[in-house]
Amino acid sequence: MHLIQVKSQEKLGALVEKIAPMELKQILKSKQFKFKWNTESKYEVYKLYITESEEIVGLMSLQDWPKELRLEIRLIESSKDNVGSHKKYDRIAGSLIAFACGTSFERGYNGFISLVPKTALRSYYINEYGMEEGGKSVYSDTLNSAELMDKYL
Amino acid sequence: MKKQNKYTNKELAQAHVPPHGLTEKQKEEADKQIWEIRKKSLEELDSDKILLSQMMRLKFKMSLYIASNNYDEIYTFSYFLKEYVSSLNMTKHAFSKEISLHNSQLSRLLHNKEEPNKNILIRLEIHSNKSIPAITWFKILEKQREVELINDTKLRESEKAFVKRTVQLVPKR
Numbered sequence: 001m002h003l004i005q006v007k008s009q010e011k012l013g014a015l016v017e018k019i020a021p022m023e024l025k026q027i028l029k030s031k032q033f034k035f036k037w038n039t040e041s042k043y044e045v046y047k048l049y050i051t052e053s054e055e056i057v058g059l060m061s062l063q064d065w066p067k068e069l070r071l072e073i074r075l076i077e078s079s080k081d082n083v084g085s086h087k088k089y090d091r092i093a094g095s096l097i098a099f100a101c102g103t104s105f106e107r108g109y110n111g112f113i114s115l116v117p118k119t120a121l122r123s124y125y126i127n128e129y130g131m132e133e134g135g136k137s138v139y140s141d142t143l144n145s146a147e148l149m150d151k152y153l
Numbered sequence: 154m155k156k157q158n159k160y161t162n163k164e165l166a167q168a169h170v171p172p173h174g175l176t177e178k179q180k181e182e183a184d185k186q187i188w189e190i191r192k193k194s195l196e197e198l199d200s201d202k203i204l205l206s207q208m209m210r211l212k213f214k215m216s217l218y219i220a221s222n223n224y225d226e227i228y229t230f231s232y233f234l235k236e237y238v239s240s241l242n243m244t245k246h247a248f249s250k251e252i253s254l255h256n257s258q259l260s261r262l263l264h265n266k267e268e269p270n271k272n273i274l275i276r277l278e279i280h281s282n283k284s285i286p287a288i289t290w291f292k293i294l295e296k297q298r299e300v301e302l303i304n305d306t307k308l309r310e311s312e313k314a315f316v317k318r319t320v321q322l323v324p325k326r
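Quick mapping for you: the protein sequence lines, in order, are chains A and B.
Note that my numbering gives residue 52 to position 52 of the first sequence, counting from 1, and the numbers run on in steps of one.
Note that my numbering gives residue 289 to position 136 of the second sequence, counting from 1, and the numbers run on in steps of one.
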């Protein structure tokens with residue numbers, strides 16, 4: 001998995017790992033993230049970090065729906081330096097979404113993932129990540145999830 | 154609200170999946186809707202999608218192990234090759250024919266009695282329709298070698314005889 005440093009267009013190795021609630025508290029003290037992550041501790045929370053510097057640049061929480069063989073992406077947040085036209089690194093959200101797809105395959109869910117987007121952002125997830133309309137949700141199934149993994153992981 | 158003014162929707166979506174902002178009742182409705190879609194998707198699951206899912210599951214598992222700092226003696230090239238053959242739901246004999254390997258050679262590879270050469274790694278890439286690249290198999294093999302080197306106490310003992318002097322370092326406190 002790699003991110004792109006926007007300024008130099010250099011590829012940087014990155015990793016996703018699950019984080020413990022205590023570690024999450026420390027991350028939030030850094031003020032790089034603004035969502036209410038402390039309310040996500042009952043779900044699976046992952047960090048995306050740059051391998052060399054260990055800088056944490058993204059967080060994601062997942063809810064497992066084992067009876068439905070589905071993973072729901074509850075939240076993704078890029079660190080504050082990585083939002084907008086002046087962001088340092090590209091591919092953060094895409095890498096986290098692809099990681100969710102991989103986790104879905106790993107658990108025998110055939111790559112099925114979903115998320116409930118804000119209305120204004122809905123079309124972007126469809127256009128950028130190939131997601132499909134699913135009522136109030138958008139989702140990615142086997143073929144699209146495999147493509148996202150090939151692109152980002 | 155400040156954020157809404159500072160960034161465009163595209164920029165926000167490029168960076169985040171923000172909280173959905175639905176009421177509890179609306180979220181319940183959303184969950185019901187997606188469950189209906191999921192049921193339909195499971196009904197339509199065919200052998201091609203199952204095979205692709207198996208390949209992606211294995212690829213993801215291999216990638217996680219390659220990326221992790223942990224070493225595990227279980228995760229050898231043989232282990233993943235067994236998983237690969239098992240994912241294909243075919244006999245070892247049929248698989249060996251598909252990649253033009255003699256049965257006995259495949260058996261040695263599956264039992265960690267022989268290391269694969271580059272040709273075999275590339276044949277595996279081609280066989281998987283590039284879904285598991287040769288480099289992924291190569292990295293698994295490299296990590297296996299690292300584990301073997303780390304754990305080879307017997308070789309360390311035997312090689313001591315060939316080292317006539319060791320560098321004298323300041324004793325650690």
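Since the hints were derived computationally from the structure, they do not count as laboratory data.
Heads up, some of the hints might be wrong.
[Said to hold, decoys possible] No farther apart than 25 Å at their CA atoms in a straight line, the calculated lysine to any residue pairs in the SDA-like style are these:
hint, chain 1, residue 1, chain 2, residue 2
1, A, K18, B, A220
2, B, K192, A, K18
3, A, K11, B, E295
4, B, K266, B, M243
5, B, K159, A, G94
6, A, K34, B, E295
7, A, K31, B, K163
8, B, K178, A, A120
9, A, K151, B, A287
10, B, K235, B, S260
11, B, K159, A, D81
12, B, K214, B, E267
13, A, K118, B, N272
14, B, K214, A, A120
15, A, K11, A, E128
[Said to hold, decoys possible] Covered stretches of chain B, as calculated for chain A (at least 3 residues, CB under 8 Å):
hint, region
16, 168-182
17, 288-298
Being a predicted model, the structure only gives us computed values, none of them experimental.
Every residue gets a Cβ at the ideal spot worked out from N, C-alpha and C, and that includes glycine.
So which hints don't hold here, by number, going up? Failing hints, ascending: 2, 6, 13, 14, 17.
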